[in-house]
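Colleague: Spelled out, the chains give:
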Amino acid sequence: MEFKQFIFYFFSAVLVFAAAMVITIRNPVKAALFLVLAFFSAAGLWILLQAEFLAIILVLVYVGAVMVLFLFVVMMLDINLVRLREGFGEYLPIGGLVAVLLVIEMAIILSSGQFGLENMPEPPAYTADYSNTRELGRLLYTFYVYPFEIAAIILLVAIVAAITLTMRRRKDTKYQDPNKQIRVDRKDRVRMVKMRSEKKV
Amino acid sequence: MTEFLLGVWNGFPGWSQTTLLILVKILAILLPLILAVAYLTFAERKIIGYIQARIGPNRVGPRGWLQPIADAFKLMLKEIIVPTNANKFLFIMAPVLVFTPALAAWAVIPFTDTLVLANIDASLLFVLALTSMGVYGVIIAGWASNSKYAFLGAMRSAAQIVAYEIAMGFALVGVLMAAGSLNLREIVLHQEGGIHQWYLLPLFPLFLVYFIAGVAETNRAPFDVAEGESEIVAGFHVEYSGMAFAVFFLAEYANMILISALVTIMFLGGWLPPFNVAPFTWIPGLGWFLIKVSLILFCFLWFRATFPRYRYDQIMRLGWKVFIPVTLVWIGVIGGAMFLTPWGYLFH
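Heads up: the sequence lines are chains H and G, in that order.
Letter by letter, the first sequence follows residues 29 to 229 in my numbering.
Letter by letter, the second sequence follows residues 11 to 358 in my numbering.
None of these hints come from the bench; they were simulated from the model.
Each hint should be verified, as a subset may be incorrect.
Which bits of chain G does chain H cover? Going by a derived footprint, with three or more residues having C-beta under 8 Å, they are [stated by the list, open to error]:
#	region
1	120-132
2	160-167
3	237-245
Being a predicted model, the structure only gives us computed values, none of them experimental.
Glycine included, each C-beta is placed from N, C-alpha and C at the ideal position.
In isolation and in its complexed conformation, chain H is listed as follows (with noise of 0.2 Å):
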C-alpha cells in the first residue's frame, strides 16, 4: 500500500468513527468535541486533494469559530437525558418514517450510477508553485460573481434578522455607557468642604 493511501484510508476511518460516535454518544459535549474531529479529519482528505484552502478554512471556520460558539452553548446546558428519553416511543412511527424515506431517497441517487468511479476522473496533480487560493478567488469573482454576492447578502439578511428577533431593551439592564465614562471630570464626583475642625464633646 502506498503512503498516500495509508493517509487516506487512515483519515477516513478516523472520520467515520467520530461521525459515528457525533449521534451514539450519550454525552452532548463529548459528541460535539467528536464532530470537531470529524472536520478535522474531513480537512485532512481536502489536503490529499490538493485543495489545501479550503481544508484550511474547514478547520479555520468550523473548527476554529463554529464549534467553540456550540460548545458554548452546550457546555452550559443542563441536559438531563431522562426527560429527552421521555416521548421516544410517541415519536417514534414519525421519526422512523422520515428515517425510512432518506434511506431509500439515498439509496436511490447512490444507486443511479452519476456518483460511480468511472464519473470521478482522478483529479491531476499539481505542480508545488499551484496557488489553489488564488484559482478559487478567480473563479468566484468572476464566473460566480452574483451568486457568490447574492448568497453573501441572504447570510447579512440572516445575520439582522436574528439580531432583531432576539433584541429586547431590559430594563434593569447595568449597561455603561464608555462615552460618558471616559469624559467624567474631577467635579463631577469630587466636591470639596470647607468646614471647621468639631470639638470633642
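Since chain H is already given, all that's left is putting chain G on it; use the hints.
Modeller: Quick look at chain G alone, frame taken from chain H:
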C-alpha cells in the same frame, strides 16, 4: 570518521532519509524554542521586577540565571492531581491540545530568506487556523476539571477568543491584500527596501489591532480574564498541578513568541534590516528577526506590568465595537487606494 558516517547515512532508504532530515530540522526549531520559553519566564520575572523597583529572582545560579531550570525540575517532580469526577482522559488531553498548535504553527515561520521548515503556499492561513485551535485545550480543561472556577474561566476564554479571532483575521486580510500573497516568506520579501517599506506604516491601524488582538488571544494581561487570579482563582487551570500545569504555562509563552514572530513577519519586515546601509547590514537576517521578536516580547511584559485587567464587558466592547469596524474601514481604504487613487503605491 566522516566517510563512515556518510556510509551509514547512504545505507538508509531514500524515504527515511527525508523523514530523518525533517525530524532533525523540527528538533532544531523546537529545542531553541523551548529554551527561549524557559528564559522568557525568567526575563518576565526580572523585567517586571525592575519595573516594580525589585530585583527579581537572583538566588539560583549566578544572578539567578538557573532559575527557569530549577522551576522546571520542581514542576516535574510534583504530583499530578486529578480531581474527583473529572473526566480523566480529557483532563490529561487538554494541556496537550493547548501545546500542540502552539508548536505546530512554527513549521511555516520563515526565520530568514531560506531558513523555513515548510514553505507552503497558504502559510498565513495555516498559522491562523492553528492558533484558533488552541482555545479547545482551554475549554476542555475548564469543562473536564469539574470545577466551577475552571468552568467560568473556560467560558470567558471561549467568548473572548471568538471575538478577537475575527478582528485578527480581518487584520491579516489587509496584509495579504497589500502583499498579494498568503505565503509568509513572500509577505516579508514585499517589504524589502528599508523601514519605510514595512507594512507598519501603511497598515498602522491593522498593526495595532493585530498586536492587541494577539495579546488577547494569548490570554495575557490586560486581557487575562480567563485566568483572573483575583476573580476566579486561576481560571481554567485551577485544578492542574505539576507537569500538566507546566505544559499550560509553556504553551502560553510559546504562543507569545509565536504572535511576536508573526507581528515581526507581517508588519516589521521579518529578517530585513531597517536601513540598507553599512552598520545595519552587518547583522545577519536571523539577528534582525530575533531582535524584532524580542522587542515585541518586551512589550508583552511591559503591558503586564503597566495595565490593570480589563473588565469582561469592556473586552467584548473593544473586540466587537472598536477593532472589527477599524479593520473593516482600513480594508476598504486599502482597496480604494489600490484601485482608484495614485497613492496605491503606498500599499505596494
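Colleague: Confirm or reject each hint.
Modeller: Do the hints match the structure? See the list:
Counting residues of the region 120-132 of chain G whose beta carbon lies closer than 8 Å to any beta carbon of chain H gives 3, which reaches the threshold of three, so the coverage claim holds. Figure legend: the region 160-167 of chain G, annotated as covered by chain H; annotation consistent (3 residues with Cβ-Cβ distances under 8 Å, at least 3 required). Evaluation of the coverage hint for the region 237-245 of chain G: breached, as 0 residues show C-beta separations to chain H shorter than 8 Å, against a requirement of three.
Of the hints listed earlier, the one the structure fails to meet is number 3.
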